[in-house]
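The lines below spell out each chain.
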Amino acid sequence: MLKYLGTRLVMAFVVIVIVITFLALLVHLIPGNPVTTIMGPRASPALAQIVRHDMNLDRPIPVQVWDFITGAFRGNLGVDFVSNLSVTSLIANALPQTLALAFTSLFIAVGLGVPVGVYAAKHVNGAADRLLAVVSVSFITMPAFVVGLLLLLAFSVHIHVFPAIGTGSLSAPGDYLRHLVLPACALALTWIGYIGRLVRANMLEVLGEPHIRTARAHGVRDGVVFYRLALKNALIPVVAVLGVGLGSLIGGAIFVEVIFARPGIGSLIYNAILERNYPVVRGGVLVVAILFVFANLAADIVYRFLDPRVRVELQNVKR
Amino acid sequence: MSTVDALPEAPTTSASHPGWLGEVVHDIVHRPVMLVGLGVWVAFIIMAIGGQHLAPYAIDAQDIAHRLQGPSHAHLLGTDELGRDLLSRLMVGTRYALAVAIPAVAIALVVGVTVGMLAGFFGGVVDRVVVTLLDSVQAFPAVILALTLLALVGHSLRNETLVISVAFIPSYARVTRALVMAAKNNQWVDAERSLGARPLRIVVVHILPNIAASLFVLMAMDIPSAITISAGLDFLGLGLQPPTPSWGGILSSGFYYVEQSPWPVIWASVFLVIATLGFTLLAEGLRDVIDPRLSR
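Protein chains in written order, with this note's numbering: chain A, 1 to 319; chain B, 1 to 296.
Hints are computed from structural coordinates only; laboratory data are not their basis. Don't take every hint at face value.
Chain B is nowhere near these chain A residues, computed Cβ spacing over 10 Å in every case [claimed, not checked]: (1) 89; (2) 166; (3) 225; (4) 228.
Here are the computed distance ranges between Cβ atoms for each label pair [as the list claims (entries may be wrong)]: (5) 56(B) - 48(A): 41 to 51 Å; (6) 194(B) - 7(A): 33 to 43 Å; (7) 60(B) - 43(A): 25 to 35 Å; (8) 48(A) - 39(B): 31 to 41 Å; (9) 92(A) - 25(B): 25 to 35 Å; (10) 188(B) - 7(A): 29 to 39 Å; (11) 126(B) - 74(A): 30 to 40 Å; (12) 62(B) - 14(A): 25 to 35 Å; (13) 126(A) - 25(B): 21 to 31 Å; (14) 213(A) - 39(B): 39 to 49 Å; (15) 157(A) - 63(B): 20 to 30 Å; (16) 62(A) - 194(B): 23 to 33 Å; (17) 30(B) - 201(A): 21 to 31 Å.
Chain B side only, calculated, beta carbon under 7 Å to chain A, not exhaustive [as the list claims (entries may be wrong)]: (18) 135; (19) 139; (20) 141; (21) 143; (22) 151; (23) 153; (24) 228; (25) 235; (26) 258; (27) 262; (28) 265; (29) 272; (30) 280.
For clarity, every value in this text was computed on a predicted model and none was experimentally measured. Ideal Cβ positions, reconstructed from N, Cα and C, are used throughout, including at glycine.
Looking at chain A on its own, in the form it has when it is part of the complex (with noise of 0.2 Å):
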């Protein structure tokens, strides 16, 4: 497990490096000159000027490469070329919002996905059943930003429950919360579907197994049966799908973030696209490209530490 561990942060680093470098020199990978790229062919030259030294572009490639390597790592992402702010405290701004809405999405989804679940494989192939795949399905196809418009125009706009702009303020969290709602169920909706369906086929494998059947032919109870040893080893595997959930929540927030004009990592990226404000979109990149590495790394080792046959096995596979 130790051993695991250690090669899982290895590799995590060294994605994390990859990624970094990536960035780095991403302009420099686009055919064209690099000043042009990032302001769009109409800049003049005394801005040009200015984002070339700002964005260290007249100094050799492996140079800029070296310098934004290290600046990452201790915490240094340059500057935004619009406010003169640090790109690392515009994105400490905005972190929390987006990480809040996301926790409160994952939070929405694994509480009505699990019951949903539950439910359908309790009552495998009835009509319930039937329905609720239906119904998961469209779930899961739902994109966010088409739900995210649906709940602004049905709860903001056609009749007033919600607000449709803004996060509220922390002081008076009741608001907050109500400002949280219609953009944390767009994000959700695909998440209860996707976790619905993963726990029903999860629970019908698991009562399909031996220690079941031995169970239940020592009298153990069904409620007993179902809940406490089906329901609980059936969880194992959502636990590895809400790292992968973490990660995209906060992708997928970008479309949620612009639509309910929300100030988070999203539309930090999103309108720093449009000012091609470089340096902001390079950063709001790479800590959400690190998060959902983190994410998706954190979920597997739980899982691993949860799934004792996942262990076993991966001792007798070599990969």
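Got chain A sorted already, so can you dock chain B onto it with the hints?
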């Protein structure tokens, strides 16, 4: 996007026996859900090919006096902010959705399969390097990667397609790698090798046909995702630009005028949801018939 590099080493799929095509046809006919999915595919392909002839109006015909109207006899789905017929624009928009998604997935397939075969067959250092690179590409959420690249290369139909394909390459490479590694251990591969067949021949002539069906399923499942990503890029205004009647573009301008008329947003959502849901239903049906191991 799930990682599938640990597929169980089942004997090569049911797809390898000769009757799988017949099985698929049989299943499509007998599963209503797949039939629905197939119907959606056919309808959207017809709209993509002949949309401008079938549409009641030209996509740029303006009726400014009747802008932002709801459904009516003259305009079945209503009109947009310039008084253009929504039904016509959405029908023609189908072409842009498919013209980005299908080539994007096809490019990802070709590149991913090539990379995955190299890694799976040769193993060792090649495999390590490939897997690390794939991990690095997958360190970015697909939308963020596509968005960043697209902002730098500039928007055009071609660039949007290429940028989306990058996000899909890793899943093909991983699946191919896993399938090739599983297939490689079969005795017939050893037999081939002892007969003097070169590695390239073994992979292309013997292993590839064995995994083609699984890759086909994966493609069918990825096309709706690609449609969603491209609509998302267009919605953010970073993909196809107005006046192109892309679904994401119609959503985007509909969002701008949402206080005045909900119809552009509603109908564009309906088209997008029916397309992605229908395509997914067919793809999942195909997966269950052809290769249940790919279920995620």
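Given a cut of 7 Å on the nearest C-beta pair, is the interface hint for residue 139(B) held or broken against chain A? 5 Å, holds
In terms of Cβ atoms, is chain B entirely out of 10 Å range of residue 89(A)? 21 Å, holds
Can the hint on residue 143(B) be confirmed by a CB-to-CB distance to chain A that is less than 7 Å? 5 Å, holds
Do residue 48(A) and residue 39(B) keep their Cβ atoms within the hinted range of 31 to 41 Å? Distance hint for residue 48(A), residue 39(B) is violated at roughly 54 Å.
Take a look at whether the Cβ-Cβ distance between residue 188(B) and residue 7(A) falls inside 29 to 39 Å. At 33 Å between Cβs, range holds.
Was the hint right that residue 272(B) lines chain A, CB cutoff 7 Å? With a closest approach of 6 Å, the residue 272(B) hint holds.
Should the label of residue 225(A) as a non-interface residue stand, given a Cβ cut-off of 10 Å to chain B? At about 25 Å from chain B, residue 225(A) clears the 10 Å cut-off, so the statement holds.
Classify the hint on residue 265(B) as holds or violated, based on whether any CB of chain A lies nearer than 7 Å to its CB. 5 Å, holds
Has the hinted range 20 to 30 Å been met by the Cβ atoms of residue 157(A) and residue 63(B)? Holds, since residue 157(A) and residue 63(B) (Cβ atoms, about 24 Å apart) stay within the stated range.
Lying within 25 to 35 Å: is that true of the beta-carbon distance residue 62(B) to residue 14(A)? 56 Å, violated
Residue 151(B) as an interface hint toward chain A, with CB separation required under 7 Å: Holds, because the Cβ-Cβ distance from residue 151(B) to chain A comes to roughly 4 Å (cut-off 7 Å).
With chain A as the partner, please determine if residue 280(B) meets the hint condition of a C-beta pair closer than 7 Å. Holds. Min distance 5 Å.
Consistency note: the structure conflicts with the earlier hints numbered 8, 9, 12, 16.
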